[in-house]
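With the hints as constraints, model all of the structure from the sequences given.
The primary structure of each chain is shown beneath.
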Amino acid sequence: MPTRDLRWIQRIKPAVRAAWMLLSFAFFWMGAPQPRMQASGIGQHSEPVLANLDSGQSLSSISIDYPEDGSIFPPGITPPTFLWRDAAGIAWSIDISFADGTPGIHVQTQGVRMQIGAIDQDCISHTDDLPKLTLRQAATWTWTPDAATWAAIQSHSSGHSARVTITGYRGGQIPFSRASISLSTSIDPVDAPIFYRDVPLMPTKGVNGVVQPLAPSTIHLIHWRLRDIRKPESHTVLQNMPTCANCHSFSADGKTFGMDIDGPGNDKGLYAVVPVQKHMSIQSKDLVHWNVDGRVGQVRVGFMSQVSPDGRYVLSTFAGPALKLLDSYYVTNFMDYRFLQVFYPTRGILEWYSRATGVRQPLPGADDPQFVQTDGVWSPDGKYIIFARAEARDPRQPGQGPALRANDPNETPIQYDLYRIPFNDGKGGTPERIEGASQNGMSNNFPRVSPDGRWIVFVECHNGQLMRPDSLLFIVPFGGGAARRMRANTPLMNSWHSFSPNGHWMVFSSKARSPYTQMYLTHLDANGDDSPAILIDNATAANRAVNLPEFVNIDADGIQEIEVHVADDSK
Amino acid sequence: MDDMRNSGIFAAIRGTIRKTLKGRILMLRCASRLALLFWLTPGTLLSANSSSCVPLESMKASLLNGPTAATYSDLGVWFAGQKQYQCAADAFATSLRMEPDQKEAGNVAFMFGSSLYLSGDAKGAISAFSEAERRKLRSVKLHLMFAAAYDQLGWIGSAESEWRAALAQDWESSEALDGLSNDLIVDNDYAATIALLENPMISGQRTAEQSLNLGLAYAKMAKLEEAVKALRDGLNTSPDSLPLANELADLLVELGRSQEAITVLDLELAQHPGDPDTGFHYLQMLIGIDPGKAKEAGRRLLLAAPASWKLLYLNGVLEMQDGKLQQARDHLEKSVTLHPEFALSHDALGVVLAQLNDMRGAKEQLEKAIALGDDDAEVKDNLSRVLRVLGEAQ
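So the sequences go chain by chain: A and B. Position 188 of the first sequence, counted from 1, bears residue number 188 in my numbering, the numbering being contiguous throughout. Position 176 of the second sequence, counted from 1, bears residue number 176 in my numbering, the numbering being contiguous throughout.
Because the hints were derived from the structure by calculation, they are not lab data. Certain hints may be false.
To be verified - One side only, chain B facing chain A, incomplete, derived with CB under 8 Å:
hint, residue
1, Ile156
2, Ser158
3, Gln169
4, Pro200
5, Gly204
6, Gln205
7, Arg206
8, Asp233
9, Asn236
10, Pro239
11, Arg257
12, Gln259
13, Glu260
14, Thr263
Beta carbons are placed, not taken as given, at the ideal position from N, Cα and C, and that holds for glycine.
Here it is, written out as structure tokens:
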């Protein structure tokens with residue numbers, strides 16, 4: 001029988017994707033008998049078999065995790081560490097091409113695995129895990145340009161983008177994988193150092209079973225530091241405090257500094273206000289005693305205090321008449337160091353304190369006991385106060401179960417809206433709700449106004465405020481409008497933001513890379529459009545957290561040290 | 001009973017939970033219960049009878065001289081450490097019988113249940129876990145074990161509740177995220193799968209299993225580019241994951257990006273040079289995309305794995321297509337010798353023999369193919385034509 005008589009045997013079938021099968025059974029085979037397969041196999045390969053990739057064959061895609069495409073770096077920042085994951089390459093070339101016509105930079109690297117940074121041995125406890133690489137990080141390769149290479153990259157990417165292409169190889173000249181991103185260097189300098197608190201995450205459980213974020217015996221491990229982003233390390237300006245100090249605030253002109261300080265007998269009613277100098281000293285005479293004020297409030301709940309732009313006033317949240325701390329705050333601490341505290345006010349009013357008169361008084365329009373009014377911040381001209389408001393409620397309801405973790409459904413629900421009110425020399429006015437930052441089914445909080453007064457950047461989260469895993473940064477026009485989710489947001493916790501004095505940069509905190517919070521920068525243009533997050537490297541040890549970063553309108557070395565003599569005085 | 005011992009036994013079963021889950025998914029995907037058994041380690045299936053439960057020499061004295069409930073609990077922990085799970089279960093059961101209200105009854109019940117689970121008795125395990133819960137044991141591990149046992153029984157709804165309960169206590173639990181996403185996929189709840197796995201809080205910890213499920217969920221929702229992105233990202237984190245590579249390659253073919261698919265499989269072949277399925281999948285895909293390259297690759301793969309009946313089959317068919325009928329015959333005959341239950345090898349061999357004018361042989365092979373369940377109409381057509389040539393047509 002002639003062969004052609006059997007051509008009817010040949011089968012033509014379309015490709016079929018059998019998603020649930022480990023093996024696919026049918027495929028397109030034009031004009032030929034079709035091999036089919038239905039069973040999983042038992043065959044053995046004894047040697048590697050790899051068909052080399054042709055030059056025309058598609059390359060595998062590398063995942064470049066940092067910097068993200070479109071990143072804008074501040075001029076002079078220390079060299080970043082590039083991060084990528086690649087299923088194909090075992091060695092890489094990195095090519096940077098420039099739009100200014102300058103010849104590109106070509107680097108070859110074997111790649112270095114991502115590693116955990118230095119550990120502070122004093123901050124190791126049984127309640128916190130030492131930092132660990134995530135699965136993704138463990139698969140990450142790194143490259144850090146040397147200072148000269150980075151300087152060249154910055155120089156030629158100033159104001160226009162450079163293209164960074166990473167190509168993977170498997171021991172030869174044939175590329176197997178590739179990806180590229182663009183980055184640029186801003187022409188806008190940062191022009192100010194960042195002041196921040198550097199804390200261990202060591203929750204403890206007392207003999208009574210009450211969890212504290214930090215044991216009294218370890219409070220001295222908290223540091224306050226100043227960072228010039230052009231320098232590879234931060235400068236510690238305050239450490240070994242015998243007592244706890246909390247939120248800090250600088251006036252917009254950089255001349256006045258305020259900070260919550262705990263006094264004797266766990267008196268949380270002290271607030272220090274001092275002039276900013278290279279060598280600062282906080283003494284008893286610099287303290288404001290909220291609790292002896294006698295006019296308003298029985299117990300200090302001086303929460304999120306803010307020094308006015310000109311340093312004349314301090315704005316803060318207080319419990320209001322006849323209310324105590326426990327009646328006005330939802331507070332739960334956890335032994336899980338990653339998100340070890342939930343803390344937000346459920347009652348409170350805004351009050352302002354005059355440094356000249358020593359008098360503190362409610363701010364009309366933000367003093368309604370039917371609401372909790374908190375997070376008050378000044379507009380740059382000092383004429384307006386932006387604050388968060390919600391219907392007041394008891395911190396805990398009868399029968400309410402304990403929250404076991406951050407964002408536990410058992411947390412007391414509260415969602416704040418942002419409002420604006422004129423300061424009006426302390427006479428206040430009628431609060432106006434800020435459209436875009438209110439009544440959106442989310443909790444809108446922690447507002448900060450840009451130095452040019454055009455924008456408000458605030459946090460959205462599902463419930464409460466502060467250290468929320470789901471917190472995201474949004475930007476809205478000062479007068480209200482459509483809020484935009486910021487490009488710089490990272491996957492995990494975005495908050496504690498602060499504008500640089502020139503308004504071109506914003507620093508914020510995130511737990512994207514580690515439960516030990518780190519700080520990041522983003523660039524803002526005239527339209528309020530921001531850029532992907534830029535990590536400020538080496539701000540602290542890998543097992544310490546950066547919090548409350550705040551730009552200070554001073555020279556990079558404007559503060560050398562802060563001495564606190566208050567505790568000594570109080571003994 | 002201290003928590004360390006509890007942790008020890010849990011560590012021993014942790015890997016098996018994963019294997020079991022993997023097995024269950026495989027089972028559901030292949031609609032074959034045997035696949036589950038394939039993925040379970042033999043140790044988890046063997047039920048040791050009491051005669052093989054030989055305790056450690058140093059424990060024998062305690063057992064002979066007035067053993068207490070604690071003695072049997074210690075013994076159970078030891079057996080579990082030896083992977084003698086039925087023996088461990090017996091020991092824990094004895095401990096609970098001797099002293100039902102012992103201080104650590106909840107923990108012992110948990111370990112009893114875990115041992116039962118690992119010895120293949122999921123229903124018994126669930127009873128024991130319920131007892132542990134009744135005795136106020138509160139632990140992520142309890143939820144994980146409950147869920148694994150429910151899954152093994154196919155009680156997906158109950159399993160999902162337990163995975164979620166585990167996640168409520170530990171939002172990073174990879175076991176719970178793997179398990180819950182597997183169940184959601186099985187439930188065809190792709191939106192929930194995506195919501196679960198796109199949670200930014202866990203994105204850095206996404207396992208290969210989770211990336212696979214995320215990719216599958218996107219693909220099922222016809223979001224193919226997102227599926228590719230999820231699978232690619234997962235593969236860059238877990239380069240040695242064959243399921244991820246295979247799924248990504250399939251998806252790329254579906255998107256018409258065949259060369260990318262080949263690249264993915266090329267790399268997987270380099271990662272798993274000894275894996276027969278990878279070689280087969282690679283060749284199978286290459287045949288559909290680049291038959292010329294497939295022939296060369298098929299030869300090289302066969303050189304590396306001359307005893308792979310699947311590669312013999314594919315090479316045979318490629319050679320048949322190329323008109324190299326004698327070579328095709330040799331390879332297909334070897335393939336059917338190595339794996340006679342595979343109908344398609346018989347089918348292809350029948351076609352080759354017919355082309356070689358061996359109509360008797362062709363008849364025999366085509367009939368075997370049909371007998372083995374190949375109900376393709378074309379096989380029957382082929383057979384009837386061969387029979388006609390032989391003059392045996394009805």
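Structure-based check of each hint:
1. Ile156: 16 Å, violated
2. Ser158: Result: violated, 21 Å to nearest chain A Cβ.
3. Gln169: At about 7 Å, which falls below the 8 Å cut-off, the nearest Cβ of chain A leaves the hint on B:Gln169 intact, so it holds.
4. Pro200: 3 Å, holds
5. Gly204: This hint holds: B:Gly204 lies near chain A, its Cβ roughly 4 Å from the closest one there, short of 8 Å.
6. Gln205: This interface hint holds because 5 Å falls under the 8 Å limit.
7. Arg206: 7 Å, holds
8. Asp233: 6 Å, holds
9. Asn236: 4 Å, holds
10. Pro239: 4 Å, holds
11. Arg257: 7 Å, holds
12. Gln259: At 4 Å from the nearest chain A Cβ, B:Gln259 passes the 8 Å test, so the hint holds.
13. Glu260: It holds, given that the least Cβ distance between B:Glu260 and chain A is near 4 Å, below 8 Å.
14. Thr263: B:Thr263 check passes; min Cβ-Cβ to chain A is 5 Å, inside 8 Å.
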